[in-house]
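**Student:** So you can see what is in the structure, the chains are spelled out below.
2 protein chains.
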Amino acid sequence: MKIVAVIMAGGKGERFWPRSRQNMPKQFLCLTDDGTSMIQHTVKRLESLVNIDDVFIVTNKDYKELVKEQLQELPEENILLEPKAKNTAPCIGLAAVHIRKKYNDAIMLVLPSDHLIKYNEMYIDTLKDAIQVAKEDQNLVTIGITPTYPETGYGYINFGARKETGNNIRAYNVNKFVEKPNLELAKEYLASGKYLWNSGMFVWKSSTILNNFEELLPDIYKGIANIENAIGTEQYEQVTEIEFSKLKGESIDYGIMERANSIYTLPGNFGWDDVGSWNALERVNKTNENGNVVQGNVITIQSKNSIIQADSKLIATVGVENLIIVDTEDALLICDKENAQDIKKIIENLKICNRIEYL
Amino acid sequence: MKIVAVIMAGGKGERFWPRSRQNMPKQFLCLTDDGTSMIQHTVKRLESLVNIDDVFIVTNKDYKELVKEQLQELPEENILLEPKAKNTAPCIGLAAVHIRKKYNDAIMLVLPSDHLIKYNEMYIDTLKDAIQVAKEDQNLVTIGITPTYPETGYGYINFGARKETGNNIRAYNVNKFVEKPNLELAKEYLASGKYLWNSGMFVWKSSTILNNFEELLPDIYKGIANIENAIGTEQYEQVTEIEFSKLKGESIDYGIMERANSIYTLPGNFGWDDVGSWNALERVNKTNENGNVVQGNVITIQSKNSIIQADSKLIATVGVENLIIVDTEDALLICDKENAQDIKKIIENLKICNRIEYL
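Going down the list, the sequences are from chains F and A.
Read left to right, the first sequence gives residues 1 to 359 (the numbering used here).
Read left to right, the second sequence gives residues 1 to 359 (the numbering used here).
The hints are simulated quantities; they were obtained by calculation from the structure and are not laboratory data.
Treat the hints loosely; a few may be bogus.
Copies of the same chain are indistinguishable here, so a pair counts whether it falls within one copy or spans any two.
Listed next, the in silico BS3-like pairs over lysine-lysine satisfying Cα-Cα at most 30 Å (straight line) [stated by the list, open to error]:
1. K187 - K176
2. K68 - K345
3. K187 - K101
4. K2 - K337
5. K246 - K194
6. K351 - K286
7. K84 - K344
8. K304 - K344
9. K286 - K176
10. K64 - K351
11. K345 - K313
12. K313 - K135
13. K187 - K84
14. K194 - K176
15. K222 - K246
16. K344 - K286
17. K128 - K163
18. K68 - K248
19. K351 - K304
20. K313 - K337
21. K12 - K345
Based on the provided sequences and hints, a complete structural model is requested.
**Tutor:** This is how it looks when you write it as structure tokens:
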């Protein structure tokens, strides 16, 4: 069965301000030191498994040019545009009907566009296992990440018995999806050995997920079925616009995964990192002998454990520690690493003051 | 007797990098929030005592245009150019012969160009007292600053008995000038009540200082006397160049003040600040409710006790404390306040790497 990748690239991440902006969200940034953007990494790491012609990017029209620029080998018709952000269910549904129209049925690898993976071979092996499971019956597969610490910023997957597969694939029945826990609960989850992080990576047949849409989210199904009928016609854009404007926003987790049957999870151990804030840069990049992650024209004197991204001008630091310093053409961030999550307060402040040029 | 001011403005201060540069030393920077440069402050605070036509600026040719630009009412012929920096003695000697040539004799107020004074009225009153003392006999007067803490970065003046003046002027005999002490010694000086900071401000008649040059620094005297003879001739520039190239560098403190007779000091209590590093900005400028001294386009989130100077771009800080942040067109400094004296290490680094564009 044909294997296609659906990469969700409509996000507007604000946590990498001032480099991420409304017109330049995280997935298009180069946050590693290899000059490769997050979305380029995402596509590249699939190359042994999925042909570029079978990669679909779901995004919105503001980012179409960025996708074309960064993924020059991608067929333009594989860029699917959401007229409006309606959360993950309509996004995935849109991709599913395109895939049904084109291939009748196919295995869909549904993947975020802005995560990093360190051990690519293990990642591909895990996806291959997931594909095996997803091919059977009406199975929905989600890749869980084996937690390494009690993170409170992710949702968790509570899994049960191992699926009898007749082979060595380690798939587990999903009991339930749970919301971001508090620290105490997260510690309990870890201690139990029965929880994985919800990474937002899914594998299923397009037919399976569409059956689930039809049953569990019939309004959305009706909308995306109308869109499917318009594919290849002159009315496509208009129909998509109308149907999306009518849809209510819904996440795939809440709308389907928490309510469907035959859900399995495969534990992923492939060095996954959601690169959730500037602090991630010292996990995904090399640090120098002083613990600094430095990019560009930088002089550090008695400075350590800092993340420093220069733009065109020289940055000189003296005696600083644990700072995030990010220079861009029109804005400069200096943030204590402990306060990386408060960068959103800058965005709020800028919005309140209507300083849209910096957003 | 005519009163003239001699303002020494040839310094190349590196402690305000990246705003101070070889072509923009400290005396020409605006470090207060009133848009007035250090040298402009220096001239302006004398206006009730000295006519602008009687103000002389001693500098070098690299800074001539800056002086003209910043002191537009100053007669151009009052800008005296040292062909080469030879420390303070030749600088003052050059001014003294110009003054002798023009006025025969006059009271010279010799002043640094890059200090700030908070209580101007008290400053002028102190200068007036100093003038009274300097008018008599062959007196050399230096303004000392009453120390407020055991600073190790200044020289000190050890004073003795009060001069009998027949009026209320508090002038004291100078026993000796002492070099920058270590902390222990500085504490002893303070405890003794017999030491003042050496501020580098002097008052004397041009005839008095020239007599001292003749007696104590005869080589320099010979040089400046040759220059004096060339004033007003076409050979002036050439003669000055030749004589300066022959002079050995000498400070007025070491060359004259430490060896002359009839030296008096007047304690100054007028809110003197030598603005010796970026840290001084919180002494000489207003701090906001978070203890920050902020200039320009700046957003601070949970940030305190920092000195932040924006240039053209937005600076946003989150969770930072005790930092000096200075942005300029081509270089950005981020320095812990504790390490302000290590800014010179950046300069050293830039010199070693021959990155002269940043010097």
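**Student:** A separate judgement is required for each hint: does it hold in the structure or not?
**Tutor:** Here is how each hint holds up against the structure:
no. : hint        : result
1   : K187 - K176 : within (18 Å within a copy, 71 Å between copies)
2   : K68 - K345  : neither (32 Å within a copy, 46 Å between copies)
3   : K187 - K101 : neither (45 Å within a copy, 87 Å between copies)
4   : K2 - K337   : neither (45 Å within a copy, 61 Å between copies)
5   : K246 - K194 : neither (39 Å within a copy, 86 Å between copies)
6   : K351 - K286 : between (35 Å within a copy, 28 Å between copies)
7   : K84 - K344  : within (23 Å within a copy, 54 Å between copies)
8   : K304 - K344 : both (25 Å within a copy, 19 Å between copies)
9   : K286 - K176 : neither (37 Å within a copy, 58 Å between copies)
10  : K64 - K351  : within (25 Å within a copy, 46 Å between copies)
11  : K345 - K313 : both (26 Å within a copy, 18 Å between copies)
12  : K313 - K135 : neither (53 Å within a copy, 54 Å between copies)
13  : K187 - K84  : neither (38 Å within a copy, 71 Å between copies)
14  : K194 - K176 : within (11 Å within a copy, 81 Å between copies)
15  : K222 - K246 : within (11 Å within a copy, 95 Å between copies)
16  : K344 - K286 : both (26 Å within a copy, 28 Å between copies)
17  : K128 - K163 : within (16 Å within a copy, 97 Å between copies)
18  : K68 - K248  : within (29 Å within a copy, 69 Å between copies)
19  : K351 - K304 : between (33 Å within a copy, 23 Å between copies)
20  : K313 - K337 : both (22 Å within a copy, 22 Å between copies)
21  : K12 - K345  : within (16 Å within a copy, 41 Å between copies)
In this structure, the hints that do not hold are numbers 2, 3, 4, 5, 9, 12, 13, in rising order.
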